[in-house]
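Chain by chain, the residues run as shown.
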Amino acid sequence: MDIIPLSSLAPGAKAVVAEIRVPVEHRGRLLEMGLLVGTTVELVRFAPLGDPVEIRIRGYNLSLRKHEAEQVMVRQGR
Amino acid sequence: MSAPPPSVPRDTRFTVVLTGNPNCGKTTLFNALTGLRARVGNYAGVTVERKEGAMLGADAAHPVDVLDLPGTYSLSPQSLDEQIARDVLFQRLADVPAPGLVVVVVDASNLQRNLYYATQVIELGHPTCLALNMVDVARENGHEIDVDGLSVALGVPVVPLIASDGEGVEELKAAINRSAVERVSQKARKPEHAPAVAGPLAHPPTGSQARLPTDARRSEPRSFQELPEAFGREASAIRGQLAGIFPHRDRLASAEALLILSDDKVLAAHPEQYPPAVRQAVAASRARLEASGVDWRSAAIEARYARVSAIAQHVTVESFVEGENFSDRVDRVLTHRVWGLMVFVGIMLSMFVSIFVLAQLPMDALDAGVGWLADRVGSVLGPGALQDLLANGVIKGVGAVVVFLPQICLLFLFISLLEDTGYMARAAFLMDRLMSRVGLHGKSFIPMLSSFACAIPGIMATRTIESPKDRLVTILIAPLMSCSARLPVYTVLIAACVGGGALRRGMVLTAMYLLGIVGALGMAWVFKRTLLRGEPPPLILELPPYKRPVVKTVLRHMWDRSKLFLRRAGTVILGINVLLWFLVTYPKVPTGADGAMKPTSGSVSQDAVGNVASAVASGLPAGSPLRPDEAHGQVDSLQNERSGDQLRRSFAGRLGHMIEPAIRPLGFDWKIGIGIVASFAAREVFVSTMSVVYNVGEVDAGDRVATAGLAETLRGEKREDGTRVYTALTGITLMVFYVFAMQCVSTIAIVGRETNSWKWPLFQFAYMTALAWCLAFVTYQGGKLLGF
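For the protein sequence lines, the chains are A and B, in the order given.
Quick note, the first sequence lines up with residues 0 to 77 if you use numbering that gives the first Met the number 0.
Quick note, the second sequence lines up with residues 0 to 787 if you use numbering that gives the first Met the number 0.
In case anyone wonders, no lab produced these hints; they're calculated from the structure.
Zero decoy hints are in this set.
Chain B is faced by these chain A residues, among others (derived, beta-carbon under 7 Å):
#, residue
1, 25
2, 28
3, 35
4, 46
5, 47
6, 50
7, 58
8, 60
9, 61
Each pair of labels, with its calculated beta carbon distance range:
#, chain 1, residue 1, chain 2, residue 2, range
10, B, 43, A, 12, 48 to 54 Å
11, A, 1, B, 290, 27 to 33 Å
12, B, 236, A, 37, 25 to 31 Å
13, A, 12, B, 286, 39 to 45 Å
14, A, 24, B, 499, 51 to 57 Å
15, A, 1, B, 356, 56 to 62 Å
16, A, 22, B, 249, 32 to 38 Å
Just so you know, even glycine gets a beta-carbon here, dropped at the ideal spot from N, CA and C.
Whole structure, please, built from the sequences with the hints as guidance.
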């Protein structure tokens, strides 16, 4: 199955992180917050003004800019 | 930062260090442990808040100090706050004692990510205890945690807690006390080693049969990751090297080796911390790892998360909970496309309107109290320079500022509430898009919002911003947000110049706040495109679950911050008022008809009428002598003119006159000039200055100090041609000036300290003053053109 950017998930949809293309200098904290390859992620909602996005990983809610969410590639389950 | 000296064991007190992720309830736990006796200060050389206090209920023979570290997500710091937390745990700060016990606070409802940090801390090898907080929230979400199982898996005692209800706090205190007593008895046995090898707790205080694992009395700290083999090999080589170079912190060597190997920022940011040999070895290790296909940046993080999620799954019994949890339901409304923004604007608006409405009663009471006190002092001391100084300089001057305490308390109350409920993060989430338009991100919103209270905590709050450039931009624009010190200025000017009901006044006030926000965003946009260009770092913002605020924590927060304001009133503002009183009182108007400068015995003299006449005569141009009978016939108006003359000739009057040419295009007269000059030290001084300035205009022989409010006095103030000085346009222009001008010595000092330079605060002062003048000019001249 094809991988798609996290930002193109529909609100409420779940997927598994397949690849993180965020530049290395910004990657560290994202990984430490628990967003790793293989992590299940749910896109909760987009902010009222369209950016940032709210996601749910490991049982808590985190918000990222669309710009980074576009660089996190996910695979949706069947 | 230089290489730290070897840690010196301090055996006087037992220090407990509280650490944990942001939003884990650490502050509430700290308050529960220390009661109201905490001290708030700074770490040496930096303005990271250092909170510590003696633990309540400690054994009298074994006093315990609790140190609350800033919230942090990992030991690879991304901000100054996190760096301090790491440095304390790594014993790199000379003035912080080595931890006798580290209490890691863990949010049970967010176990995996909290354990990520907790295991990092446990690996440091300090005696450690885990405070498993918010077990009630976890239960509501369907997670029942096996406390004993967690204790066994981590190898440290685990105390379940609900810090907000005080549940489990006694058990944690008991565990801390046991640890303190044990350390002392160990030291008695082996004094040369303590506290560096202080053992773990004797008993896991879980109340059950849980036992510490057999390796509890370890010499080697535990490790919570199965690293790829090559990575493990490289890490242990570096560990050996570190242990050889820094024998005093050999316990930390394993954890430190892992961090400097996998975090490229640590070595780059502090090259002086490590000798070249270490840096070369790390670079060589990374090259070898890359060659063998191991990602040294992510390997350790992935290995730890793998282990931590296995532990979390093992100790958590999941039960199915139907539907969404409370926070999800609330967020459906509060981050909704339409409702979310409406609620946000509503919250901001009601905050400022209620500051006006609710604070009115206590403010009137304080005002009356200040007037009464000044009267009492006046009648007890009797006329004279001392009475004048105390009543008008000190009591009335400081009182004019202290009167605003209710408003300031309310503002801090709202901000504390927003923070403690978790709404502040949503505000950042909602506002991030706007902030990104000017090149900042949502995290800058929180310092900016705090700057509504005071730029000082706001600027201090910028420490959570990772990028140095973004942080600097936020510092530069933070004072444009209308702080609480401007509130008194706005209040008086609105009452004097605008008038109208609470709604209308509230709207003008909101407009001033909005103007500050627009100005701040505009300047941020300019700075990000000129002086401080740079790609903003990604936003990584946790949206914590909503919490019922803990009344004590909120009030504590409010009080700590209001105290800062009161302290300023008691020190800086008091000093300025005494100085001002001197400036407006001296030199005395000459009493002799020849105009010689003879000092009088005080501002009140028995033959006041004669004085007035001669004073006025001497104030008139030479060649227009006034006959005594004429002078006596005009006594009433002359008395006012006499004091006006006194003011005109005083040092303050001369300063005001001196800057009058610069401020006349803004529609300000020299009396306003005095207020502006005085408030370059602190804005709120404007109010007290104006009351000193106009009291001087009202005090005359034998009369009591006028009790009319300052606003009414200003309202009645006339120009020579009989028009009002404080028209709506003047008032608005003056407020615009105050929105933009940098008039706060304390802020300048804080910016100097935070940026470690004098260049930035001076630049900030210059650009803000220029901006204030230009915009006030546009307002006044534009207003006149439009016919106001």
